[in-house]
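From just these sequences and the hints, can you work out the full model?
Chains as they are written, first to last, in the working numbering: chain V, 1 to 518; chain G, 1 to 488.
Worth flagging that the hints you see were computed from the coordinates, not collected in a lab.
Heads up, some of the hints might be wrong.
[Said to hold, decoys possible] Partner residues are not named here, just some residues of chain V that face chain G (Cβ under 8 Å, in silico):
{"no.": "1", "residue": "Trp63"}
{"no.": "2", "residue": "Ile64"}
{"no.": "3", "residue": "Ala65"}
{"no.": "4", "residue": "Ser66"}
{"no.": "5", "residue": "Glu136"}
{"no.": "6", "residue": "Val140"}
{"no.": "7", "residue": "Phe144"}
{"no.": "8", "residue": "Gly147"}
{"no.": "9", "residue": "Ile148"}
{"no.": "10", "residue": "Ile163"}
{"no.": "11", "residue": "Ile177"}
{"no.": "12", "residue": "Leu182"}
{"no.": "13", "residue": "Gln185"}
{"no.": "14", "residue": "Leu187"}
{"no.": "15", "residue": "Phe189"}
[Said to hold, decoys possible] Simulated pairs of lysine-lysine, BS3-like, Cα-Cα distance not exceeding 25 Å:
{"no.": "16", "chain 1": "G", "residue 1": "Lys484", "chain 2": "V", "residue 2": "Lys184"}
{"no.": "17", "chain 1": "G", "residue 1": "Lys105", "chain 2": "G", "residue 2": "Lys160"}
{"no.": "18", "chain 1": "V", "residue 1": "Lys106", "chain 2": "G", "residue 2": "Lys443"}
Just so you know, even glycine gets a beta-carbon here, dropped at the ideal spot from N, CA and C.
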Amino acid sequence: MLLSLILFVPVIGAALVALMPNEKLVRPLALFASLVELGLALFLLQNFDTTTAAMQFVEKKQWIASFGINYFLGIDGISLWLVILTCFLTPIIIVGSWSSISERTKSFHVSLLVLQTAMLGTFLSLDMVLFYTFWELSLVPMYFMIGIWGGARRIYATVKFFIFTMFGSVFMLVAMISLLYLTKQQLGFYSASILDFYRLEIPYIRGAWLSPQTLMFIAFSLAFAIKVPMFPVHTWLPDAHTEAPTPGSVILAGVMLKMGTYGFMRFSIPLFPDAVEEWSWFFLFIGVVGMIYGSLVAMVQTDIKKLVAYSSVAHMGYVVLGLFALNSYGFSGALYQMLNHGISTGALFLLVGMIYDRTHSREIAKYGGLAKAMPLYTICFFIITLSSIAVPGTNGFIGEFLILMGTFISAPIFGILAVTGVVLGAAYMLWMFKRVFFGQEGELILKFKEQGGLKDLNLRELGLMVVMIVMVFWMGIFPKHFLDYSKESLDHLTENYGQYELSMKTEIKEQMTAQVER
Amino acid sequence: MENIISIKDVALVSPLIAVFIASLFPIGIKVLRGNKEQSSVITLFQALLGIGVAIALILTQAADTSVSAFVGALRFDGASKSMSIVVCLIAALSLFISHGNVNTKGRQFSEHVFLMLNALIGMFVMIWANDLIVVFIGLEIMSLALYMLVALSHEQKLAKEAAFKYFILGSLASAIFLYGVALLYGSVGSTYFDQVTEIAPSAIGNDTVFIMGSLLTLVGMLFKVSIFPFHSWTPDVYQGAPTSLTAFMSTGVKIASFAVILRFVSTGVISDMGGIFEILQWLAVLTMLVGNIAAIVQDNFKRILAYSSVAHSGYILVGVIVTGLGAEANIGYSSTLFYLFTYALVNIGLLSLISNMESKEESTVMVQDLRGLANKRPGLSLVITVLLLSLAGIPPLAGFFGKFYLFAGAIDMGLYWLALWGVVNSVISVYYYLRPIVMMYMKEAEEGQEEVKPELLSYLNIGLTFGLVIFLGIFSGNLFEYLKNIGL
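Rendered as structure tokens:
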């Protein structure tokens, strides 16, 4: 019940928001719904059993009998933190957009809450078709967010986003249906449950393109790679990020990109282990290319937001690297880096949004000397920058360190290349920081000086940043608080991804087997 | 064989008789009143009464058994039952649109209703037919009524052109169909589907007359459902016809024609031999591509829907091929029917909207006319968005599950490449389905564009289809299961 509640509270909130006659109460109501949701998520965290890798809080109801499709939810150490991250970022976004979204506030909050349900659904679904439903559904609210509240080229960006991501996922649909028939062949009954998919022996011929496992692996990975996004299918991301409104960027970078890496972790790697082992070098390669390419392109950006967007490409490159190192450091680093990226890039987008609300410009060249005008803002920006470039003591360090360690163990060459990515990452962030905050006062700063100066962060914005900064240090100093929850699941994945199986906690498992026998 | 028409046969065709009697009321009253129109609400009510009685009569028939009537010329089974109910509903919903549409309301509404109901009768005959000659009779009843219906539009130029075009090409298609039937008769010695089924396995490999006959028969029907390269009439006719007729043709005619096609391919004329299978595969792929790519460059909303209708015929043809190859567990025709029904729903909803936007007889509704609708009518915009997303195949709406079942059928038969073409095409189609949404939500209204006027019955249509699209999406399993369990 708990997971269903978590899944549908945002949608119920969205319905209430839609029916709310008083425009002024829309924001408080949406915030209230998202806080209830956060409370539920924390309650889930508290009751989470850290001693098992099995699926917990499992719920199963028949949905489409003829194909064995069920409404099937469950959570384990891998999805747990992504669910918490989603529920954590949503109230932040609502508070963060308190004054920046002034038009059609109602539709905005409805979209946001529906999007939250869709994202949670992808993380919680244990049924392939249910997963796909939420996966595709998440495009629609995001499409509206970029298209309605976005910048000048928003329509181009949002249509590109929609078509790109959908193009990737339709091949997954075909592969998914093939897997459905494979369950019928091998297990004797139709099932779309991921747990049953894990038990399949998907035919594999080493080195052959046309072996079913390789093809399905390619189909799934294309969908996830576009979502992550990995080089060279990342081109929708800079457009989407630049045109999206601040809250849209935060949710896109903070959670939606993780749907791709989560997909690799939940589907591609355990379902197609042979193909993964054969092709891991390729993913390591494009992971590294993504890191270096993303960093280099970020370096030459003139728009702060575009810079942060390309830094996302680089950071997600790390995650991919960690995943395809295929060892325990790599997996835990990848998972940790997903959370880090959600926090630090989310915070960066919020910060960029805050300055944009004041000056309506994101041109780096027009800034300079901002540190004097907005000291509090500068401090916050600096701390988040440190987190983004992985200085020890911040969350970024733990993730990158684990990933690099994993990579050095499995593929030292890519490890060495990845280290250059780390250096480049520090370079573009610090250079941007220098140009924006120090040096000569730029034309914008001077212009505002004449008008009475730029206002520093207000209490609402400062509060948001404090929360984010607390998370940065908490995750940086006490990684165990977080990784302990995922340890069992990650170890289980590391040891058994070749012969992966997941069980379900509690007695629902027995009911299931009884059903199968009947 | 007993050659006596029993009372049971008459009972089976009673829905047809009910509709026919109902169709005589409006026109009969008009004649008795000295060629003066009675109130259109009463006309509509008479028609709906007839359709309602027909639905009730269909529902009383046993669902799961297959019964023959009129010496085997008609066959009644679960599939024909569900399809007849759906075409009845489509006729009713189309009449709702007609009642408010500028091109059909007012003068000559009685004639319009009379012809609509007679077209419905033709559809019944096509759906029930178990004999190619009976199919032809149904086809002609339906088509003749439709030619006149298109021409009856109050609009003077495009509608007349459309009617003429439809008539010429339709007659050509009928001729091809008849030629095919004649060849089949030459080979089989009968036009009954059962007899064709018996001969098909042996004839399909080597009997050229049989193969040519089957192919021409199919082509005749493919004309009606606008499969490439027989689709060229579709955009012009759909644009020129009154909007209610476009709704009726793109849904009802499609269902009736695909009913015939499904029955015909179930006889086994598609198989690995004979080449028909290869031809149909290519036609399916090309139809999807042509429809979707042509729709991208259109601005006229009705033409977009016309090309999208072509593309959807391509998807449905995949289901037809799966049926023809004899897929297990009825997945072929159940997925085809599911797709047809959900497609029909959405199309009626969207065309109701277009009908609401037509202010003058010559109005052409462009996509641009939707600009800024979300500000003025947020509820309506949301509903339209849902309908468009269903056509694009976004879960959890009915359109997605329609595609899911169709492609599942194709993959079951090993037709991976058809499934791949299908999904790639659904991505292409997203582009033009998103355009109206872009217009509604992301553009500002401008001077001189068509307004949406509130029209009660059309709103009812839109609301109903909206509800069903969501309901049939979330509970698609139930309808699919039902369709799987009934016989074809």
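Mind checking the CB of V/Ile163 against every CB in chain G and telling me if the closest is under 8 Å? Holds, because the Cβ-Cβ distance from V/Ile163 to chain G comes to roughly 6 Å (cut-off 8 Å).
Under the criterion of a CB-CB separation shorter than 8 Å, is V/Ile177 in contact with chain G as hinted? With a closest approach of 5 Å, the V/Ile177 hint holds.
Would you settle whether the hint for V/Leu187 is holds or violated, based on the nearest Cβ-Cβ distance to chain G being less than 8 Å? Violated. Min distance 16 Å.
Restraint outcome when V/Val140 is required to lie within 8 Å of chain G by C-beta distance: holds (6 Å)
If you draw a straight line from the CA of G/Lys484 to the CA of V/Lys184, is it 25 Å or shorter? The given pair, whose Cα atoms are some 18 Å apart, holds under the 25 Å limit.
Given pair status - G/Lys443, V/Lys106, alpha carbons within 25 Å: holds (18 Å)
May I ask you to test the interface hint for V/Leu182 with respect to chain G, counting a Cβ-Cβ separation under 8 Å as satisfied? violated (11 Å)
Status of the hint placing V/Phe144 at chain G (closest C-beta pair under 8 Å): holds (6 Å)
Given V/Ser66 as an interface hint, is its Cβ closer than 8 Å to any Cβ of chain G? holds (6 Å)
Can V/Ile148 be said to touch chain G, with a Cβ gap under 8 Å? Holds, about 5 Å.
Holds or violated: is there a CB of chain G closer than 8 Å to the CB of V/Ile64? holds (3 Å)
If you draw a straight line from the CA of G/Lys105 to the CA of G/Lys160, is it 25 Å or shorter? Since the Cα atoms of G/Lys105 and G/Lys160 sit roughly 17 Å apart, the hinted pair holds (cutoff 25 Å).
Hints 12, 13, 14, 15 from the list above are not met by this structure, while the remaining hints are.
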